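Go ahead and model the full structure; you've got the sequences and the hints to work with.
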Amino acid sequence: MKTMFLWCTFVLIPVCIAFALFLLVTRGPLEVRISAFLPFELAFFAVYVPVEIFAQSSEGTLFLLFVKPVLFMAMLLMADFLVRALYAGITGGVFMKVVLAVIVLLFVLFLPVLIETFWYFDYSWLVWGSMSLLYCFPVLGVVIQKSGLLPAKKAIQ
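In the working numbering, the protein residues as written are 36 to 192.
Simulated from the structure, these hints should not be mistaken for lab results. Please note: incorrect hints may appear among the correct ones.
[Said to hold, decoys possible] Derived SDA-like pairs: lysine to any residue, alpha-carbon spacing no greater than 20 Å straight-line:
| hint | residue 1 | residue 2 |
| --- | --- | --- |
| 1 | 181 | 108 |
| 2 | 181 | 171 |
| 3 | 181 | 105 |
| 4 | 181 | 69 |
| 5 | 132 | 122 |
| 6 | 132 | 177 |
| 7 | 181 | 118 |
| 8 | 132 | 65 |
| 9 | 181 | 73 |
| 10 | 181 | 124 |
| 11 | 181 | 77 |
| 12 | 132 | 69 |
| 13 | 181 | 71 |
| 14 | 132 | 144 |
| 15 | 181 | 67 |
| 16 | 132 | 121 |
| 17 | 181 | 66 |
| 18 | 181 | 119 |
| 19 | 181 | 57 |
| 20 | 132 | 173 |
[Stated by the list, open to error] Estimated spans, in silico, between C-beta atoms of each pair:
| hint | residue 1 | residue 2 | range |
| --- | --- | --- | --- |
| 21 | 91 | 125 | 30 to 38 Å |
| 22 | 59 | 132 | 19 to 27 Å |
| 23 | 160 | 128 | 45 to 53 Å |
| 24 | 81 | 182 | 17 to 25 Å |
| 25 | 141 | 57 | 15 to 23 Å |
| 26 | 63 | 155 | 35 to 43 Å |
| 27 | 57 | 145 | 16 to 24 Å |
In this text the structure is predicted, and so the values were computed from the model without any measurement. For glycine and all other residues, C-beta sits at the position ideal for the given N, C-alpha and C.
Set out below in structure tokens:
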């Protein structure tokens, strides 16, 4: 029950519903509106996450002050990558790419809330800490790849 409540308050309303309303209300090409996913969500979460953290607890814990913001930042970065992949699959007519993007997107949107639930119910820090690290490492790879910090692979001739 706690997981579903957190999923609705941290994912469904701010990420899914707010961005869907943003897409419906704004004008311009759909591609430009899709590319505005990350700035739109980052602006929202920059205010929402600190308010939620301080409303949730009067004492600052390691999880609330450091892990939770990193988890939700990682969620938004990976969701941005997957929303763009979903749009590319829809416009390109590649059905399997769309299905895969939707499945992975649902997993990406659900896992931070599951990790927070483990913390909330006092599981060992090894459980939620290791899950947090495993969740953030692929995001780090996507960010490094998108930023161009690594040289591009050369084709084998």
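Here is what the structure says about each hint:
Note on residue 181 and residue 108: the hinted pairing holds, with a Cα-Cα distance of about 16 Å set against a maximum of 20 Å. As the CA atoms of residue 181 and residue 171 are separated by approximately 15 Å, the hinted pair is consistent with the 20 Å bound. Proposed proximity of residue 181 and residue 105 is supported: the alpha carbons are some 18 Å apart, at most 20 Å. For the given pair, residue 181 sits about 17 Å from residue 69 by alpha-carbon distance, which is consistent with the 20 Å threshold.
A distance of roughly 10 Å separates the Cα atoms of residue 132 and residue 122; the hinted pair therefore holds under the 20 Å criterion. Pair hint residue 132 plus residue 177 holds up; C-alpha atoms about 17 Å apart against a cutoff of 20 Å. For the proposed pair residue 181 and residue 118, the alpha carbon gap of about 14 Å is at most 20 Å, so the pair holds. Pair hint residue 132 plus residue 65 holds up; C-alpha atoms about 19 Å apart against a cutoff of 20 Å.
Straight-line distance between C-alpha atoms of residue 181 and residue 73 comes to about 14 Å, which keeps the hinted pair within the 20 Å bound. A C-alpha spacing of about 18 Å is found between residue 181 and residue 124, which places the hinted pair at or below 20 Å, so the restraint holds. The straight-line distance between the Cα atoms of residue 181 and residue 77 is roughly 17 Å, inside the 20 Å bound, and the hint therefore holds. Using a Cα cut-off of 20 Å, the hinted pair residue 132 and residue 69 holds, with the two alpha carbons roughly 17 Å apart.
Pair hint residue 181 plus residue 71 holds up; C-alpha atoms about 16 Å apart against a cutoff of 20 Å. A hinted pair counts as satisfied when its Cα atoms are at most 20 Å apart, and residue 132 with residue 144 qualifies at roughly 18 Å. Restraint check: the Cα-Cα separation between residue 181 and residue 67 comes to about 18 Å, which is no more than 20 Å; the hinted pair holds. For the hint pairing residue 132 with residue 121, the CA-to-CA distance comes to about 7 Å; that is within 20 Å, so the pair holds.
For the given pair, residue 181 sits about 18 Å from residue 66 by alpha-carbon distance, which is consistent with the 20 Å threshold. Among the hinted pairs, residue 181 with residue 119 is consistent with the structure: their alpha-carbon atoms are about 12 Å apart, no more than 20 Å. Among the hinted pairs, residue 181 with residue 57 is inconsistent with the structure: their alpha-carbon atoms are about 25 Å apart, more than 20 Å. A C-alpha spacing of about 19 Å is found between residue 132 and residue 173, which places the hinted pair at or below 20 Å, so the restraint holds.
Taken as a hint, the range 30 to 38 Å holds for the pair residue 91 and residue 125, whose Cβ atoms sit roughly 37 Å apart. A hinted range of 19 to 27 Å holds for the C-beta pair residue 59 and residue 132, which are about 24 Å apart. Look at residue 160 against residue 128: about 46 Å separates their beta carbons, and that is inside 45 to 53 Å. Taking 17 to 25 Å as the suggested C-beta distance range, the pair residue 81 and residue 182 conforms, at roughly 20 Å.
About 20 Å separates the C-beta atoms of residue 141 and residue 57, a value consistent with the hinted range of 15 to 23 Å. With their beta carbons about 40 Å apart, residue 63 and residue 155 fall inside the hinted range of 35 to 43 Å. A C-beta distance of roughly 22 Å is found between residue 57 and residue 145, which places it inside the suggested range of 16 to 24 Å.
Violated hint for the displayed structure: number 19, the only one.
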